[in-house]
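Chemist: Each chain, letter by letter, is given below.
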Amino acid sequence: MMPTKVAVLIMRGICKRWALKDCGSKVRKAMLAICACFGILPVAGARAEAKDGDVELGAYLSAECVTCHQVNAQTEEIPQIAGLDPNAFMAAMQAYKAKQREHPIMQMMAGRLNDEEIVALAAYFSTLE
Amino acid sequence: MTWNRRKFLGAATGALSAPAVLAEGSGKPRVVVVGGGAGGGTVARYIAKDSDGAIDVTLIEPSQVYFSCFFSNLYIGGLKSIDEIGHTYGALAANYGINVIHDWAVAVDRVDKNVTLAGGQVLPYDKLILSPGIDFIEGSVPGWDLSVQTKMPHAYEAGSQSQLLRAQIENMPEGGVYAMVAPPNPYRCPPGPYERISMVAHVLKATNPTAKIVIADPKPKFSKMALFEDGWATHYPGLIDWIGEDFGGGDVSVDPDQMMLTIDGEEMAVDVCNVIPAMKAGRIAELAGVTDGRWAPVNSADMSSKTDPDVYVLGDACQQGDMPKSGFSANSQAKVCANAVRGSLTGSRIFPPRYANTCWSLIAVNDGVKVGATYEATEEKIARVDGFVSQVGEDANLRKTTYEESENWYAAITADMFH
Ligand SMILES: Cc1cc2nc3c(=O)[nH]c(=O)nc-3n(C[C@H](O)[C@H](O)[C@H](O)COP(=O)(O)OP(=O)(O)OC[C@H]3O[C@@H](n4cnc5c(N)ncnc54)[C@H](O)[C@@H]3O)c2cc1C
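Protein sequence lines, in the order shown, are assigned to chains D and U. Going by the UniProt record's numbering, the first sequence opens with residue 1, and the numbers climb by one from there. Going by the UniProt record's numbering, the second sequence opens with residue 1, and the numbers climb by one from there.
Hints listed in this document are in silico derivations from the structure and should not be mistaken for laboratory results. Be careful, since some hints might not be right.
Simulated restraints on C-beta separations [as the list claims (entries may be wrong)]:
(1) D:A98 - U:D230: 47 to 53 angstroms
(2) D:K99 - U:D241: 36 to 42 angstroms
(3) D:N72 - U:T88: 37 to 43 angstroms
(4) D:N72 - U:D83: 38 to 44 angstroms
(5) D:E77 - U:N99: 48 to 54 angstroms
Here are the computed lysine-lysine pairs in the DSS-like style, where the Cα-Cα straight-line distance is at most 30 angstroms [claimed, not checked]:
(6) U:K205 - U:K151
(7) D:K99 - U:K400
(8) U:K151 - U:K400
(9) U:K49 - U:K221
(10) D:K51 - U:K49
(11) U:K221 - U:K80
(12) U:K212 - U:K80
(13) D:K51 - D:K99
(14) D:K99 - U:K381
Some chain D residues flagged as far from chain U (calculated, every beta-carbon gap over 10 angstroms) [claimed, not checked]:
(15) D52
(16) A59
(17) G83
(18) P86
Think of the CB as a built atom: it goes at the ideal place given N, C-alpha and C, for glycine as much as any other residue.
Excised from the complex, chain D in its bound form:
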């Protein structure tokens, strides 16, 4: 296997492990930057800033998330979204949408969100504690 390919695979593994987990925002940002260098997470789609998002639309769309992601509780397998760094959230959604990050439900749910909706969701979730 080509060394670059190995590096990409390793990075991919690390990204999957960390992008949504509870690490400090600096670490997460650094990870996302490194991932972007390897072309793993399509952060281009996350270029729009969460502050530009339509919070009301985000609130409506978020109702679909909270069927599984509890707002106020940290659970083992399904992570809490509220309070997540908006850039990490948007990068994760784009990665699921592009099927670069694995999870059949998340790929399906993110798969039908357009960029505006992803930004709206990020905007809404960033208003929560």
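Chain D is fixed; fit chain U with the ligand onto it per the hints.
Modeler: Frame of chain D, contents of chain U with the ligand only:
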């Protein structure tokens, strides 16, 4: 009601986004929700929460405690306690000011727009939302009716029925027979009977390994069939005998006094007989005159009844196109409905409908599988867009994760309904 009035109501469907229909003599528009389950609990909570007191929301539900059918099979399998699947309504009243009335709705007057309760109270509404779940079709299993549900439980409405079935299974004689009469399509929770079988097998394997499980099924195939059959062969070899339509599984009758089950002319003595009859919309939907056949047809844009634009039908009771009858579906429909109802009563923004469902099922301890899909509103129906299903042969870690996910989902959806 006159035909003219009906026609007038029908013609008003287009007025969905018109602002504020105020109830006479009241400062606020009134929404009455019938049924405090997956659809009703969610819709009441979302309308009250998002309108911030601008809409009066009344929830009518006879039970003080809602025992969810979801996870009731895990209760039967001994993996959850009855308290873990019971939920009360106090937080809906305390957190959102919802007027929770524990009573039955017994009549709906769609001309004068009010609902009558068993206790005699008459509640006016601007918008009525029905989410009464299911009722059973009488005579669908010859020999069975509701009067014998204590002998042959359905356990398809959770609570005392689930407790009875679990007790019957625990008390089966050594080497006894548990039989299930499975329902015809469409019915509440397509994988539900087969998850139930898995949980019964889980109990019997540990406590009564010479016992037998027989399923008489009127269908030629069932939801997640390959996954269940593979799981049954792995975890419970030789324990489960599924008799499908091709082998006469649809030709059944029961004799509750003798505890006999007849399948395709052949009589057998059984120790437990779990009869899950054919289903239809909860009776109040029929009484409200919004059903056509077994279910209530709805507009997929907002879940309003095709008969009356001021009545909405959610969850199992409605004819929901490609969506399965599940708690997840009812919850998803409730959110679309809440947004539309709030918009039409207060002028708030109405966003395009979007629907989703995921059903997890447990085959054995830590062996979870799932199936899911997204849906969109078309002129004709709620139509499937995309989906996935677990695969046969997945590794044990993934199956364990899938089960753990379902536990997280259960906590989240019940919080989304009741807190
Ligand atoms: C064994 C089993 C397992 C299941 N597992 C899952 C699962 O894992 N995931 C999933 O998503 N779904 C599951 N389901 C399906 C799920 O329980 C139903 O689809 C869901 O509850 C439907 O919601 P609903 O609002 O239509 O009805 P319900 O949740 O049944 O609520 C209806 C409520 O209306 C009330 N009511 C009825 N008539 C009146 C009246 N006249 N006046 C006032 N109140 C009234 C009833 O008391 C009831 O509380 C399962 C079902 C079963 C049976």
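Chemist: Taking the numbered hints from earlier one at a time, note which ones the structure violates and give those numbers from smallest to largest.
Modeler: 1, 3, 4, 5, 8, 9, 16
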